[in-house]
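Order-wise, the sequence lines are chains A and B. Under the numbering used here, the first residue of the first sequence carries the number 153, and numbering increases by one thereafter. Under the numbering used here, the first residue of the second sequence carries the number 153, and numbering increases by one thereafter.
Take the hints with a grain of salt, since some may be wrong.
A pair counts as met if it fits within one copy or between any two copies, since identical chains are not told apart.
Below, simulated DMTMM-like cross-link-like pairs (lysine to aspartate or glutamate); rule was C-alpha separation at most 25 Å, straight line [said to hold, decoys possible]:
hint, residue 1, residue 2
1, Lys-198, Glu-239
2, Lys-208, Glu-266
3, Lys-282, Asp-328
4, Lys-323, Glu-273
5, Lys-323, Glu-299
6, Lys-208, Glu-243
7, Lys-283, Asp-328
8, Lys-208, Asp-342
9, Lys-208, Glu-334
10, Lys-208, Glu-164
11, Lys-258, Glu-164
12, Lys-258, Asp-233
Hint data in this document are derived by calculation from the structure and do not stem from the laboratory.
There are 2 protein chains.
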Amino acid sequence: MSPTGRKDGEGERYRAILETAARLICERGYEGTSMQEVAAACRMTKAGLYHHIQSKEQLLAAIMSFGMDMFEQQVLVQVRDMPDALERLRECMRRNILLVTRDLSKEVTIILHEHATLHGEARDYIDGRKKRYVRFLETSFAEAVREGRIRAVDPTVAAFSFLGQVLWIYKWYRPDGRLTDEQIADGMVDLFFGGLAVAERQSAPGPRGQEPEAAPLTPVVPLFAGKP
Amino acid sequence: MSPTGRKDGEGERYRAILETAARLICERGYEGTSMQEVAAACRMTKAGLYHHIQSKEQLLAAIMSFGMDMFEQQVLVQVRDMPDALERLRECMRRNILLVTRDLSKEVTIILHEHATLHGEARDYIDGRKKRYVRFLETSFAEAVREGRIRAVDPTVAAFSFLGQVLWIYKWYRPDGRLTDEQIADGMVDLFFGGLAVAERQSAPGPRGQEPEAAPLTPVVPLFAGKP
DNA sequence: GTAGGCCAACCTACCGGTCGGTCGGTTACC
DNA sequence: GGTAACCGACCGACCGGTAGGTTGGCCTAC
Numbered sequence: 153m154s155p156t157g158r159k160d161g162e163g164e165r166y167r168a169i170l171e172t173a174a175r176l177i178c179e180r181g182y183e184g185t186s187m188q189e190v191a192a193a194c195r196m197t198k199a200g201l202y203h204h205i206q207s208k209e210q211l212l213a214a215i216m217s218f219g220m221d222m223f224e225q226q227v228l229v230q231v232r233d234m235p236d237a238l239e240r241l242r243e244c245m246r247r248n249i250l251l252v253t254r255d256l257s258k259e260v261t262i263i264l265h266e267h268a269t270l271h272g273e274a275r276d277y278i279d280g281r282k283k284r285y286v287r288f289l290e291t292s293f294a295e296a297v298r299e300g301r302i303r304a305v306d307p308t309v310a311a312f313s314f315l316g317q318v319l320w321i322y323k324w325y326r327p328d329g330r331l332t333d334e335q336i337a338d339g340m341v342d343l344f345f346g347g348l349a350v351a352e353r354q355s356a357p358g359p360r361g362q363e364p365e366a367a368p369l370t371p372v373v374p375l376f377a378g379k380p
Numbered sequence: 153m154s155p156t157g158r159k160d161g162e163g164e165r166y167r168a169i170l171e172t173a174a175r176l177i178c179e180r181g182y183e184g185t186s187m188q189e190v191a192a193a194c195r196m197t198k199a200g201l202y203h204h205i206q207s208k209e210q211l212l213a214a215i216m217s218f219g220m221d222m223f224e225q226q227v228l229v230q231v232r233d234m235p236d237a238l239e240r241l242r243e244c245m246r247r248n249i250l251l252v253t254r255d256l257s258k259e260v261t262i263i264l265h266e267h268a269t270l271h272g273e274a275r276d277y278i279d280g281r282k283k284r285y286v287r288f289l290e291t292s293f294a295e296a297v298r299e300g301r302i303r304a305v306d307p308t309v310a311a312f313s314f315l316g317q318v319l320w321i322y323k324w325y326r327p328d329g330r331l332t333d334e335q336i337a338d339g340m341v342d343l344f345f346g347g348l349a350v351a352e353r354q355s356a357p358g359p360r361g362q363e364p365e366a367a368p369l370t371p372v373v374p375l376f377a378g379k380p
């Protein structure tokens, strides 16, 4: 049994229902989507739909759980074993941004938007998985501070700033906009980790720490290709 | 008539209705709040409530418009005439964060959460006011770059990063949490404008060979056993 | 000073429609 | 002949919204 309340393995049809429902809920919101509409979009009657699911809220929980699976597989497990905390965080931000902007991820958008819709156990379960991510970020920031790779900042503030930049994107990003998702990812990683301060033109290696490749902090990123 | 569909200037009672409705909608979402509940919370019947408003959607539009008024008065007009672009942006971020965290601002929270709920003219009207703010930020960033106060970054990326950090707060901030809103405001302003790069007088990275024992991901217990 | 007019502010009762969800089948394939 | 997949018909509750009436306070007119 998976945490979504379904047997493992089977159910290509169930997957299809989840995806269809996710599309609708992503477009109209959870409360704004009726089971009638979900069933119709699945080319079924409502009774037929209820053969596969237990309730509307369990359907939402299953969608969110699937979204968390996607997120963990495409972001977390890809970066969590990187030894360098700073590089880990940069890659994490990049991957997370691209996950949000990719149009496949209606499930992720739903997780982000319907953050207070679930109740009870299902809510606790999803919140637990989210919190695990926050703790991962906090730990990584603390580690990067400890290693002297970044300034001493509060890891919680850093983690939620990171998340805010990355996750707010779902509210405004449009694939046909001026900026591509790659440009946004590059730009935000550069801004967040490179900072805004005017570069003191390298020279300064500091008193003792002369790690040659220890400072990839202010590089690159062409952008600035836009309006005033 | 303002685009929110109400004569100007009238009604202390109307204000009270807006505030009560805002409280409910903030707690349960727009679609999740019935007019019955709004009326009851105003100690009225539904018909009595409809004496004051035209429709549910117009009620939402009025709440959002009031929220935009609050925002513009407490943030925008307070900072827009500051001559120094960088200082203007710092003060703007600070004020915006405190606006979001202050419990008065259910209306602001609703604007943030229900970003795709309105339709038609009312939607255009609110979106227009939001876009003015984005343009104000972009312009200020561009100005700060031009004056050499900050590095050359894309003003759009900077503006949306700024907004993401600031506005995402509504999703996680709780007044009884570890961090006060003042600490969050100070921390985020420092992080965003101070950057993460190690200050040059500080010593550089310590011993490098150490394995970071990176961020153990504690397992989450799956739950809600399912149906068939 | 009070009779009468007026109107905002409410009410009860109700509208057609939809909500999430269920029941008792029927089909089609193993 | 068992069972997973599905359907038509239906449930009670509730949805946003309205029709039509009652109330009570204020403004005038005499």
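To see whether the hints hold, each was checked on the structure:
1. Taking the shortest Cα distances, Lys-198 and Glu-239 never come within 25 Å of each other, neither inside one copy (49 Å) nor across copies (57 Å).
2. Taking CA atoms no more than 25 Å apart as the test, Lys-208 paired with Glu-266 passes in both settings, with 14 Å inside one copy and 21 Å between copies.
3. For a Cα distance limit of 25 Å, the shortest separation of Lys-282 from Asp-328 across copies, 20 Å, qualifies, whereas the shortest one inside one copy, 30 Å, does not.
4. Taking the shortest Cα distances, Lys-323 and Glu-273 sit within 25 Å of each other only across copies (20 Å), while inside one copy they are farther apart (28 Å).
5. In this assembly of identical chains, the alpha carbons of Lys-323 and Glu-299 never lie at most 25 Å apart, being 35 Å within a copy and 31 Å across copies at closest.
6. Taking the shortest alpha-carbon separations for Lys-208 and Glu-243, neither the intra-copy value of 36 Å nor the inter-copy value of 44 Å comes in at or below 25 Å.
7. In the homo-oligomer, the alpha carbons of Lys-283 and Asp-328 lie at most 25 Å apart only across protomers (18 Å), although the nearest pairing inside one protomer, at 33 Å, exceeds that limit.
8. Proximity of Lys-208 and Asp-342 under a CA criterion of 25 Å is satisfied in neither setting, with 41 Å inside one chain copy and 44 Å between copies.
9. Taking the closest pair of Cα atoms, Lys-208 and Glu-334 never come within 25 Å of each other, the shortest separation being 36 Å inside a single copy and 40 Å across copies.
10. For a Cα distance limit of 25 Å, the shortest separation of Lys-208 from Glu-164 inside one copy, 19 Å, qualifies, whereas the shortest one across copies, 40 Å, does not.
11. Only within a single protomer do Lys-258 and Glu-164 lie at most 25 Å apart by alpha-carbon distance; the minimum there is 18 Å, versus 42 Å between protomers.
12. Neither within a single protomer nor between protomers do Lys-258 and Asp-233 lie at most 25 Å apart by alpha-carbon distance, with minima of 27 Å and 41 Å respectively.
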